[in-house]
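Input sequences plus hints: build the corresponding full structure.
Below are the chains, spelled out letter by letter.
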Amino acid sequence: MSDYNFAYLDEPTKKMIRRAILKGLAVPGYQVPFASREMPMPYGWGTGGVQVTAACLTPEDTLKVIDQGSDDTTNAVSIRSFFAKVAGVATTTRTAEASVIQTRHRIPETPLRSDQVLVYQVPIPEPLRFLEPRETETRRMHALEEYGLMHVKLYEDIARHGAIATSYAYPALVNGRHVFDPSPIPRFDNPRLESPAIQLFGAGREQRIYALPPFTSVQSLDFDDHPFEASKADGACALCGATHTYLDEIVADDQGTRRFQCSDTDYCMERRA
Amino acid sequence: MTAQVMIRVADVSKNFALHAQGGTVIPVLQGAALTVRAGECVALTGSSGSGKSTLLRLLQGNYAPAGGVIEVAGLDLATATPRQVSALRRGTLGYVSQFLRVVPRVPALDVVADPLLTLGMEEGEARDRAGALLAQLNLPERLWGLSPTTFSGGEQQRVNIARGFVHPYPVLLLDEPTASLDPVNRAVVLQLIRDAKARGAALVGIFHDAPARAEIADREVDVTVFSPQAVPA
Amino acid sequence: MNVVNTALVLEDTPLLSVSGLTRSYGARIGCKDVVFDLYPGEVMGIVGESGSGKSTLLSCLAGHLETDAGQVVYQGQDVLTLPEPARRRLMRTDWAFVHQHARDGLRMNVSAGGNVGERLMAGGARHYGNIRKTAEDWLERVEIDPGRIDDRPSAFSGGMQQRLQIARGLVTGPKLVLMDEPTGGLDVSVQARLLDLLRGLVRRMGLSVVIVTHDIGVVRLLADRLMVMRHGQVVEQGLTDRVLDDPQHAYTQLLVNSVLPT
Chain L
1 MSDYNFAYLD
11 EPTKKMIRRA
21 ILKGLAVPGY
31 QVPFASREMP
41 MPYGWGTGGV
51 QVTAACLTPE
61 DTLKVIDQGS
71 DDTTNAVSIR
81 SFFAKVAGVA
91 TTTRTAEASV
101 IQTRHRIPET
111 PLRSDQVLVY
121 QVPIPEPLRF
131 LEPRETETRR
141 MHALEEYGLM
151 HVKLYEDIAR
161 HGAIATSYAY
171 PALVNGRHVF
181 DPSPIPRFDN
191 PRLESPAIQL
201 FGAGREQRIY
211 ALPPFTSVQS
221 LDFDDHPFEA
231 SKADGACALC
241 GATHTYLDEI
251 VADDQGTRRF
261 QCSDTDYCME
271 RRA
Chain H
1 MTAQVMIRVA
11 DVSKNFALHA
21 QGGTVIPVLQ
31 GAALTVRAGE
41 CVALTGSSGS
51 GKSTLLRLLQ
61 GNYAPAGGVI
71 EVAGLDLATA
81 TPRQVSALRR
91 GTLGYVSQFL
101 RVVPRVPALD
111 VVADPLLTLG
121 MEEGEARDRA
131 GALLAQLNLP
141 ERLWGLSPTT
151 FSGGEQQRVN
161 IARGFVHPYP
171 VLLLDEPTAS
181 LDPVNRAVVL
191 QLIRDAKARG
201 AALVGIFHDA
211 PARAEIADRE
221 VDVTVFSPQA
231 VPA
Chain R
1 MNVVNTALVL
11 EDTPLLSVSG
21 LTRSYGARIG
31 CKDVVFDLYP
41 GEVMGIVGES
51 GSGKSTLLSC
61 LAGHLETDAG
71 QVVYQGQDVL
81 TLPEPARRRL
91 MRTDWAFVHQ
101 HARDGLRMNV
111 SAGGNVGERL
121 MAGGARHYGN
131 IRKTAEDWLE
141 RVEIDPGRID
151 DRPSAFSGGM
161 QQRLQIARGL
171 VTGPKLVLMD
181 EPTGGLDVSV
191 QARLLDLLRG
201 LVRRMGLSVV
211 IVTHDIGVVR
221 LLADRLMVMR
231 HGQVVEQGLT
241 DRVLDDPQHA
251 YTQLLVNSVL
261 PT
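Protein chains in written order, with this note's numbering: chain L, 1 to 273; chain H, 1 to 233; chain R, 1 to 262.
Keep in mind that the hints were calculated from the coordinates and are not lab data.
Every residue gets a Cβ at the ideal spot worked out from N, C-alpha and C, and that includes glycine.
DEER-style ranges, computed between Cβ atoms: (1) H:E122 to L:A26: 53 to 61 angstroms; (2) L:A165 to R:M108: 18 to 26 angstroms; (3) R:A69 to H:F16: 33 to 41 angstroms; (4) H:E123 to R:G184: 28 to 36 angstroms; (5) R:N109 to H:T24: 52 to 60 angstroms; (6) R:R148 to L:D253: 41 to 49 angstroms.
Coverage of chain R stretches by chain L, computed from C-beta distances (three or more under 8 angstroms per stretch; other residues unrestricted): (7) 82 to 89; (8) 113 to 119.
Here it is, written out as structure tokens:
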């Protein structure tokens with residue numbers, strides 16, 4: 001054990017963050033402000049997610065960290081080893097074995113269970129920010145459920161690209177009340193936001209926490225004549241052959257040969273095992 | 001059977017208070033009286049500055065009287081609300097002004113059709129009627145699509161006249177309707193006035209054109225008699 | 001014996017009834033005890049020089065500024081006491097506001113179609129095709145080529161931007177439009193086009209309008225009634241041409257006589 005307090009943050013800070021998490025769970029989709037701390041990593045590397053994870057961890061937890069579905073990127077590896085060091089918790093790359101999963105940009109393919117917590121790293125929590133730069137105004141819009149602007153964004157997509165081109169961070173209406181930004185997960189994952197697991201979202205730089213309690217309704221915004229589609233690349237994983245998973249396109253050699261493979265590395269390996 | 005009284009002016013006075021000049025009050029009219037029945041044309045006469053235009057503007061609701069009663073089609077303009085005056089002007093009280101006041105780029109045809117559109121007439125029909133009247137007044141069709149702000153004096157005057165006659169107003173005020181017209185168009189205007197009388201319109205006008213006046217006016221009212229005696233300042 | 005004068009049978013319930021409207025900035029008066037009624041289809045002009053309180057009055061009506069005292073009764077309800085959600089809903093459905101600078105009333109990073117469609121979408125329209133068709137129709141009505149529906153307002157001229165702002169506000173078929181110097185800063189010829197357009201829209205849609213301007217020419221052509229303000233107070237009001245041609249108040253006389261002949 002190191003000289004750090006368990007999971008790096010001091011207890012009063014964790015208490016403050018837990019309060020924000022509880023409030024977020026009580027008002028699904030509502031962005032709760034919290035006093036984000038300086039973390040020993042730069043903004044954009046998951047400081048929001050790390051603080052939420054730190055506030056959730058208990059010594060008995062098993063932690064998994066993924067980045068774009070992968071357990072072995074720099075970001076995932078360093079966060080995993082960070083908590084192994086400052087909390088001494090067990091870590092894993094197996095979705096089924098983890099009790100807390102911190103993620104950047106994906107929901108694991110393996111269906112989550114009600115005893116699991118999924119923590120998202122969020123760069124920009126405000127879905128209305130694209131069109132309305134004033135924070136005072138966006139807060140008022142959330143308070144009054146004035147979400148016409150969200151559809152203006154989708155309208156612009158269709159007008160410019162002939163279809164809704166938003167392919168990640170696709171906005172959705174939570175519990176019939178708050179429009180939220182599901183973080184930059186591909187829209188393929190949007191239908192999978194309705195889950196038995198608790199889902200927590202942390203934005204460190206923007207100092208916001210929000211949450212989805214288990215089985216909360218999450219309705220992706222769309223138009224009657226341009227309904228939401230959970231799209232993915234049309235192909236099969238070159239490694240495991242899966243056609244139902246979210247695929248990354250990879251340039252395989254200097255000739256520009258392209259191939260697809262599962263973005264969720266753990267899931268892909270499990271299928272091949 | 002006597003025709004209905006459409007205009008009744010009784011004991012009307014009008015002053016202008018010039019605040020920029022120490023509040024000087026200039027009395028213009030005093031004890032003005034006038035009655036005009038349907039189908040009648042009354043010409044206002046008197047030397048320049050005697051108050052003809054002032055009386056006409058009072059009848060139009062453009063000026064506010066200092067005292068008295070100005071009833072036009074039953075509405076007392078001295079006490080009427082702006083809304084009532086607007087409504088009166090829309091359907092009942094027509095005015096052929098000497099001056100053209102229009103939005104600069106609007107075509108002549110639409111300027112003439114405007115009163116009909118305001119009354120809710122369908123656009124095609126309103127333009128047809130406007131066109132027919134402009135044709136009657138010999139305004140070349142190539143001008144209809146242009147703004148009358150670019151027209152000559154005589155052409156502008158015909159646009160004004162057409163605007164005043166496009167709707168069968170029961171009361172019509174005419175300010176020098178034949179002033180800058182050639183003989184042919186002058187005759188057209190006089191015929192329009194005769195037609196208006198025949199359909200029962202009450203008309204009041206200022207005509208410097210004495211033969212025209214003699215031809216169409218049933219009566220003349222000399223406004224000089226309403227000139228106030230000099231009031232000590 | 002009396003002719004039935006149908007034109008004089010007037011709707012006698014005002015659309016908007018303002019009374020005692022007062023707003024101060026500390027010790028300085030913004031506007032004081034303003035009273036007026038506005039009826040359906042009526043256009044009322046408010047003139048006065050800078051600092052006369054005309055813009056303060058309009059901002060109070062629109063709810064952009066808080067009011068110290070007074071009532072703004074719209075269809076039987078004081079909008080100043082409406083809960084904020086209801087007031088904002090009113091502002092984006094039944095009312096519209098036209099800013100002097102189009103960029104204050106438009107979303108400059110959103111296409112013309114998106115700008116016009118926003119109020120529809122805010123009202124729950126969820127059919128892209130219909131929204132787009134309505135937007136095209138409105139662009140045409142304000143004389144913007146529908147082929148430019150996907151262009152951003154930044155690519156438009158000043159006059160086009162102003163017309164787009166008007167389309168954006170009128171798309172929901174509002175009953176009341178508040179305009180703050182809508183022709184200010186436009187070339188004279190562009191102004192004329194806008195005035196003509198506004199006149200037509202007012203007539204066809206039966207709009208009631210409150211228009212604030214310092215341009216006497218604009219109110220003469222557009223407004224049925226006129227209110228003259230000075231030092232935050234209404235010094236004279238009445239029929240537009242009567243106020244302009246036979247001004248009673250010293251200040252109005254000064255204002256009218258200060259207009260340069262055209």
